[in-house]
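The listed protein sequences correspond, in order, to chains U and X.
The opening residue of the first sequence carries number 1 in this note's numbering; numbering runs sequentially from there.
The opening residue of the second sequence carries number 482 in this note's numbering; numbering runs sequentially from there.
It should be emphasised that the hints constitute simulated quantities derived from the structure, not laboratory data.
Treat the numbers as computed from the prediction; the structure is a model and nothing was measured.
Heads up, the beta-carbon is just placed ideally off N, CA and C, and yes, glycines get one too.
A portion of the hints provided could be inaccurate.
What the hints assert, rightly or not - Dumping the calculated SDA-like pairs for lysine to any residue here, alpha-carbon to alpha-carbon at most 25 Å:
id : chain 1 : residue 1 : chain 2 : residue 2
1  : X       : Lys-620   : U       : Glu-455
2  : U       : Lys-470   : X       : Gly-596
3  : U       : Lys-454   : X       : Met-606
4  : X       : Lys-636   : U       : Ser-440
Stated by the list, open to error - Here are the in silico distance ranges between beta carbons for each label pair:
id : chain 1 : residue 1 : chain 2 : residue 2 : range
5  : X       : Asp-554   : U       : Gly-427   : 24 to 30 Å
6  : U       : Arg-202   : X       : Lys-624   : 27 to 33 Å
7  : U       : Gly-149   : X       : Gly-634   : 46 to 52 Å
8  : X       : Arg-592   : U       : Val-466   : 19 to 25 Å
9  : X       : Asp-493   : U       : Gly-427   : 37 to 43 Å
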Amino acid sequence: MATATQEIDEVLKRRYDAGFVTDIEQEYAPPGLNEDIVRFISAKKNEPEWLLEWRLKSFRHWLRMKEPRWANIDYPDIDYQAYSYYAAPKSDADRPKSLDEVDPKLLETYEKLGIPVHEREVLAGVAVDMVFDSVSVHTSYKERLAEAGVLFMSISEAVEEHPELVKKYLGTVVPYSDNYFATLNSAVFSDGSFVYIPKGVRCPMELSTYFRINAEMTGQFERTLIVADEGSFVSYLEGCTAPQRDENQLHAAVVELVALPGAEIKYSTVQNWYPGDENGKGGIYNFVTKRGVCKQRAKISWTQVETGSAITWKYPSCVLEGDDSIGEFYSVALTNNAQQADTGTKMVHVGKRTRSTIVSKGISAGRGVQTYRGGVSIAKNAAGARNYTVCDSLLIGSECGAHTVPYVDVANPSAQLEHEATTSRIGEDQLFYCQQRGLSEEDAVSLIVNGFAKEVLQELPMEFAVEAQKLLGVSLEGAVG
Amino acid sequence: MLTIENLHASVDGNAILKGLNLRLEAGQVHAIMGPNGAGKSTLSYVLSGREGYEVTDGTILLDTPDGAVDLLDMEIEERAAAGVFLAFQYPVAIPGVSNLHFLRTALNSIRKARGEDELSGAQFMKLARAKARTVELPKELLKRAVNDGFSGGEKKRNEIFQMAVLEPRLAILDETDSGLDIDALRIVSEGVNALRGPERSMLVITHYQRLLDHIVPDVVHVLVDGRIVKTGDKTLALELEAKGYDEIRQAAAI
Numbered sequence: 001m002a003t004a005t006q007e008i009d010e011v012l013k014r015r016y017d018a019g020f021v022t023d024i025e026q027e028y029a030p031p032g033l034n035e036d037i038v039r040f041i042s043a044k045k046n047e048p049e050w051l052l053e054w055r056l057k058s059f060r061h062w063l064r065m066k067e068p069r070w071a072n073i074d075y076p077d078i079d080y081q082a083y084s085y086y087a088a089p090k091s092d093a094d095r096p097k098s099l100d101e102v103d104p105k106l107l108e109t110y111e112k113l114g115i116p117v118h119e120r121e122v123l124a125g126v127a128v129d130m131v132f133d134s135v136s137v138h139t140s141y142k143e144r145l146a147e148a149g150v151l152f153m154s155i156s157e158a159v160e161e162h163p164e165l166v167k168k169y170l171g172t173v174v175p176y177s178d179n180y181f182a183t184l185n186s187a188v189f190s191d192g193s194f195v196y197i198p199k200g201v202r203c204p205m206e207l208s209t210y211f212r213i214n215a216e217m218t219g220q221f222e223r224t225l226i227v228a229d230e231g232s233f234v235s236y237l238e239g240c241t242a243p244q245r246d247e248n249q250l251h252a253a254v255v256e257l258v259a260l261p262g263a264e265i266k267y268s269t270v271q272n273w274y275p276g277d278e279n280g281k282g283g284i285y286n287f288v289t290k291r292g293v294c295k296q297r298a299k300i301s302w303t304q305v306e307t308g309s310a311i312t313w314k315y316p317s318c319v320l321e322g323d324d325s326i327g328e329f330y331s332v333a334l335t336n337n338a339q340q341a342d343t344g345t346k347m348v349h350v351g352k353r354t355r356s357t358i359v360s361k362g363i364s365a366g367r368g369v370q371t372y373r374g375g376v377s378i379a380k381n382a383a384g385a386r387n388y389t390v391c392d393s394l395l396i397g398s399e400c401g402a403h404t405v406p407y408v409d410v411a412n413p414s415a416q417l418e419h420e421a422t423t424s425r426i427g428e429d430q431l432f433y434c435q436q437r438g439l440s441e442e443d444a445v446s447l448i449v450n451g452f453a454k455e456v457l458q459e460l461p462m463e464f465a466v467e468a469q470k471l472l473g474v475s476l477e478g479a480v481g
Numbered sequence: 482m483l484t485i486e487n488l489h490a491s492v493d494g495n496a497i498l499k500g501l502n503l504r505l506e507a508g509q510v511h512a513i514m515g516p517n518g519a520g521k522s523t524l525s526y527v528l529s530g531r532e533g534y535e536v537t538d539g540t541i542l543l544d545t546p547d548g549a550v551d552l553l554d555m556e557i558e559e560r561a562a563a564g565v566f567l568a569f570q571y572p573v574a575i576p577g578v579s580n581l582h583f584l585r586t587a588l589n590s591i592r593k594a595r596g597e598d599e600l601s602g603a604q605f606m607k608l609a610r611a612k613a614r615t616v617e618l619p620k621e622l623l624k625r626a627v628n629d630g631f632s633g634g635e636k637k638r639n640e641i642f643q644m645a646v647l648e649p650r651l652a653i654l655d656e657t658d659s660g661l662d663i664d665a666l667r668i669v670s671e672g673v674n675a676l677r678g679p680e681r682s683m684l685v686i687t688h689y690q691r692l693l694d695h696i697v698p699d700v701v702h703v704l705v706d707g708r709i710v711k712t713g714d715k716t717l718a719l720e721l722e723a724k725g726y727d728e729i730r731q732a733a734a735i
């Protein structure tokens, strides 16, 4: 037996020697994806055995899956072996030393968005010690959260510090086998956020990835897990309005939300990944799986403002498992130039008297193509379930496109569903009217678009909403005329 | 205030204005009357700079505190900042944008263009409330989305309210009386009259004489086939009402 074990060890060792993976100090994985890479990532993160096994199980499953191509988006075949699946966070030495070293175009955009100077440094990745200019902001939020018993940390930290919680909930909302991109994420996820709100606690502040933006480069395969225990409440903000550049073209994030009985999770996103040049070249492919499960009387509300990425494939969804639970989806998606987005939501009504609201506002400009894809399903036992859907499209110019694909599946006769949809165009008469009153054409477009998106923007936390309004304007610059 | 010389303009290649001359002094109110298709609305759009209205000849000079400027060299919003205001015949709705927010953005854009300080929210509210009273604009209309679901009368009143806030040097009222009942006509006219002043000139474009009973013009012009064919005092409007345009057309030998 000893010999056999030795042999196996030797074989393993040989393979490791031949590769790169034994070199734990290495900062980058070479391009390619195989089990060794998965082991390497797990080893870099000192993960426990169960998590490595989960990753490997996911990877093996992924090998047998086919990339979905049903979405209304057009992109060249992705060579998954051409990507590198692990890169350590950049060291301070690699970062710009000050804003003088940062692309002036990027700084110009920060200016337009009204981002305070000290935050620009952080966003541009300048080597600063603290996310904010003072240590106190950072430590005081940590103290306040600790007092309330709220856990908010990177998922890697959570695996080390609270393995029982991660193990209990990871993959329960989005199983490892869920879909091609989620399965890939399960195998190779780099990092992300973990939040736990204890029973009955109202999280004393909005939690924002922003606080942690400098702590790690979340990058490609982000994984977020939020658990709101019974009767708790949390508002979580993801992303920021500043344009985010990334060397990695392929992004496949997974977000899982668990709202236990009576809990409420409000999840707001502003996504502004690099959309590529006018032809979409160099832009990010964003394939995201976001889903939440609501137990009895729980509520999950997704609000998203999507302006970035060359390709967006994203359907934040709610599984309304518990009786009297509520799901909401408020979305503004904007496609300009050659951007393509296939986005929407799924509301799965399982419990009795479950309610859902969908408000989707799509804005297409340039040659942008946008598809709203929404699914509402009412299970057999979901007596008294209700859904209300509004789906509006706004077109700017004559070369863009907007499509609406609502799926409805009702298995209970007492369900009530409403669906409203409109398509409109920014008219020359509206622009002329605004300009005659003194607004520039760009301000006029921004005003009209923000009016169109108002129902969604007002769901965002105050500060985020103001930035998001500016973002819509900036994203449409040059779209008219 | 406004001097238009030999103005020629066309739409889609069709000549509409064919050598129009007009001189409007500061503080004066001129009415422009004319049959359908004479070029009345075209004139208002050419003055404000709307796309699709191509000026082929002529000049339009507006007096400003910095001297006379040629409107034809300016963008739509630059003309607005110079003091040109058009009260629309069909005001446009902007869903989701509150009337107050819209107007504050407009006023501050204009102030900024003039190098003046922008008004704070509180300063603007004070101004807006006061102006709303002068034109009898119901308060709830301030908060509603711009012209969205407004009745015809509310829309026209809203135009006059905007004019009161923006305080233009040159106000062009394009068929402001269309779609108004007698009461609304009175309220709108009173609003306009309250805005008459030595530094403000108005061009009132209308089909009908009845508006001019309420807004009494200093001068009346008759626009036929792209030209001013007759100019007189307010009695000319009455004469037109009685005789119709045909006689003037014949007299002008068109």
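So, going through the hints one by one against the coordinates:
For the suggested pair Lys-620 (chain X) and Glu-455 (chain U), the alpha carbons sit about 23 Å apart, so the restraint of at most 25 Å is met. The suggested pairing of Lys-470 (chain U) with Gly-596 (chain X) holds, with an alpha-carbon distance near 23 Å, which does not exceed 25 Å. At most 25 Å may separate the alpha-carbon atoms for a hinted pair to count; Lys-454 (chain U) and Met-606 (chain X) meet this at roughly 21 Å. A hinted pair counts as satisfied when its Cα atoms are at most 25 Å apart, and Lys-636 (chain X) with Ser-440 (chain U) qualifies at roughly 23 Å.
Here the CB-CB span from Asp-554 (chain X) to Gly-427 (chain U) is close to 26 Å, well matched to the stated 24 to 30 Å. Separated by about 31 Å at the C-beta atoms, Arg-202 (chain U) and Lys-624 (chain X) satisfy the suggested range of 27 to 33 Å. Range check, Gly-149 (chain U) to Gly-634 (chain X): Cβ separation about 60 Å, and the 46 to 52 Å hint is violated. Taking 19 to 25 Å as the suggested C-beta distance range, the pair Arg-592 (chain X) and Val-466 (chain U) conforms, at roughly 21 Å.
Distance hint check for Asp-493 (chain X) and Gly-427 (chain U): the Cβ-Cβ separation is about 18 Å, which falls outside the suggested range of 37 to 43 Å.
In terms of the numbered hints stated before, the structure departs from hints 7, 9, listed from lowest to highest.
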